[in-house]
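Line by line, the protein sequences are chains A and B.
FYI, my numbering numbers position 34 of the first sequence as 23, with every residue one higher than the one before it.
To convert, take the position in the second sequence, counting from 1, and add 178; that gives my numbering.
These aren't lab readings, by the way, just hints derived from the structure by calculation.
All figures in this text were calculated on a predicted structure; none of them were measured in a lab.
A virtual CB, placed ideally from N, CA and C, is assigned to each residue, including glycine.
Treat the hints with caution; some may be incorrect.
If we take Cβ atoms under 7 angstroms as the criterion, some of the chain A residues that face chain B in the derived model are [said to hold, decoys possible]: (1) Val(-4); (2) Ala25; (3) Leu43.
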Amino acid sequence: MPLCSYVVIPRFGQKEKLGAALSSMEGCEVLPAANADLLLLVTDTDSLDTDAELRARVEGLPDIQALVMTFGEIDPDTPEGDPAGASRRRSLPVIEPGVAPAPRKRNRTNV
Amino acid sequence: MNVVDRREFLRRTAFMSAASAAATMVPEVAFGAEWLDGELQQDVDWRKAPCRFCGTGCGLLIGLSGGRAVAVRGDPESPVNRGLCCVKGYHSVQALYGRDRIRNAMVRRNGRLVEVPLQEALDLVAQRLRETMDEHGKDAVSIYGSGQWTIPDGYVASKLFKGAIGTNNVEANARLCMASAVTGFMSSFGLDEPMGCYEDIDHADVFVLWGNNMAEMHPILFSRMLERKRQNPRVRIIDLATRTTRTSYAADKSLLFTPQTDLALANAICNEIVRNQWEDHDFIREHVAFKSGKTGLGYGLEEKASFADEAHDADWEEYLEFLADYEPDAVAELIGIPADEIRYLASLYGDPARKVVSFWCMGVNQHTRGTWMNNLIYNIHLLVGKISEPGNGPFSLTGQPSACGTVREVGTLTHALPHGTVTQKEAREHAAEIWQVPVENIPDRPTHDTVQMFRALDRGEIRFMWIQVTNPMVSLPHLNRYREGALKEDRFIVVSDVYPTPTTDVADVVLPSAMWIEREGMFGNSERRTQHWDQLVEPPGDCMSDTWQLIEVARRLGYRELFPWSEETHIEEIWNEYTRFHDNPKHRMAPYDELRARPGVIWPFVDGEETKWRYNPEYDPAARGESGGGDEHAEGGESRGTSGHEAPTGHDAGDTRHRRVRNFYGKPDHRAWIWLRPYEPPAESPDDEYPFWLNTGRVVEHWHTGSMTRRIPVLHRAMPRAYAEVNAEDAREMGIRDGQRIRLVSRRGSVELEARIDFRGQPTRGQVFVPFFDEGILINEVTLDAYCPISREPDYKKCAVRIERVG
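Using the sequences and the hints, build the whole thing.
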């Protein structure tokens, strides 16, 4: 269940319009600055795929000048919560099917 | 804390992180949501700690709740980052909580690592250490640490191995990243580490970045630089590099040079300065000596390569003669930068009305002539006197959080002691007195630098190696050879770490380490700032700090009286013992209580004041009058001849520059040394068989070998795997599309990975760039283990490869 936050810089004069567009998207919560041309955005989705899809939609909004991610957590209580599951070398052959992992394990008995 | 639904708590934390970031962009920003700076903060205990990652040393505030680190903010009280954070800093605490965290000790049985009680593993480490020494001698055992070692970790390691056991087989991975900076400082100034501080950024008019992609590698300092430019449009940022990066896009000028020719470029700048008589003649006459050294040093590729430089006196006329070979028009083609641009660079350095800071890091240091390149940048600043004053100075950045604090200051390299070197009798006596060991215990000769240490492991001269806080089975150059060496029979490898890595894969014993804020510690950053943090959370399972692991093994070896400290107060006791080594105005460290109270303290710390600009009597008590005399334990005292500082003639009589008073007390002659260092070609250049340069480095999302940052979901997703940046025209000629798999092949090995074209960085024609964070794409199986013979630091930036299309 990914939960991420961003600072969103709108194009000049488009803060309100952008805020409305973001607020209308499911999974988005927006907090506009009271005295500056920026917004805070928190996205709350139920899967990595949904999160990626939402982010792509956000990035596609024409009134965004810059989108800066400041926080990202995948709830560790959920199965996909361990990033190592995606990055550990036991998974690497899955990520990189064409790459044979280097022979690393010692076979001898030392202890 | 109030019971807050975990999801709601995370949501608020996410907003808080974003609000903190927004406040760094617009300091007075408000959101009209009371809970943002009210209710949430009441639930969270915010405690200070330096960032775990790069050498910038940002001050963080760690949000604690329910015994867990839950959030991070930049510390607005920290003079380093002033409340800013980069993407790694914001997510740093998540690196504590990866699912595959090593929680228990493991030993290898029947080829497999199996969990054992920690005490049993520590017994085994001590037993094998003792047996190896008994059977093969004390120089058959070694320890290999890191610039991520805390200061107490490194201090205890050095005391145990050099003082108690009696071997100089102590090295750290900082050899791979800043050894050239050390030898550069030592040969030019006689003392290590920058003379200035980050406050220089607030005063400079020109920033020259030498092979330094600060936008990704030091993003906070880069932000400060951009802020300086925003406030003062006259500021200029010059990016000197071999590939176009995010730094290039933000710079006023991006100049791309041919790899290795930065040596010629620096000399060409000096040529142009003296041709125009822009040098500060009074400064040179009063504060500079000229030296020449050996040339044709080789590249350290021989099995037991050794080299010792010699300083010979030179003078101004010899220096002019030396520079004559570097007239900009004559070297422009070699360098790949038009002569007019070289002249422009020289004019920036030479203009008395502009303050100039030069920044560099791995591009200069990871270089087969890394020491020379450091010397040459100092030469430029010394010629024009722009050094050791606010806004003027050469500034060597480090890559690791305590490369300076632990490796350089504690001296966790084979030749070093906490003060001075092992070759200096008085330094050994000083160490023996503080350590309370017989001075004969400390050998008077260095043994192996890092590359040679792993070669010795391969040859069997070293049989036992304890590796802490580093991942050499990803980071060593020419990796195939060193992995095979570690896997040989009768080698015993102990690894202390927090996650499984290719290095734990070769271990006989794995010790579970307490990480960062799970224990108390100190780091020392690039600007001589020492930063302390308390233990903020409990480590998982049997995890134990590396400091205490070393103490436990030392006691098992019979050295309890040398390591008598209590578990509750040992960090303070170690600090108090260690700082006795530096109890002089040139290096005095802050007392423990000061460190605990402040967001870091810059040394020398004299009479309650930080010394921000060394060698300048206006700021540095040690530079005032009687305190000079040369550092008794500094290197570079080999030359006692004339200083060769005859005044340059022909200077402009109308020069209105103020007289700069300095005391370069690191050298016996109280002068900084300008070295005559020529251009020499790299160890390996592209040819018909291997027609491309390979350059390696980092990306903003990942810390070094990725063992921590790849377990942070956001960072992993943002940059999940390594890739090869290929020049667009090269790709077009070879029929390579963006995203296509290619194979990079060198004389040492090959890797397969995706080609990226016009991606984050764009190499010039004939070059490829690959980041090294990905243990699944071991680019160091391709790199070359050539190094600077003076610093023994490998060159990860230049070797020859060919590109093959796959499929």
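Quick rundown of the hints versus the structure:
no.	hint	result
1	Val(-4)	holds, 5 angstroms
2	Ala25	holds, 4 angstroms
3	Leu43	violated, 13 angstroms
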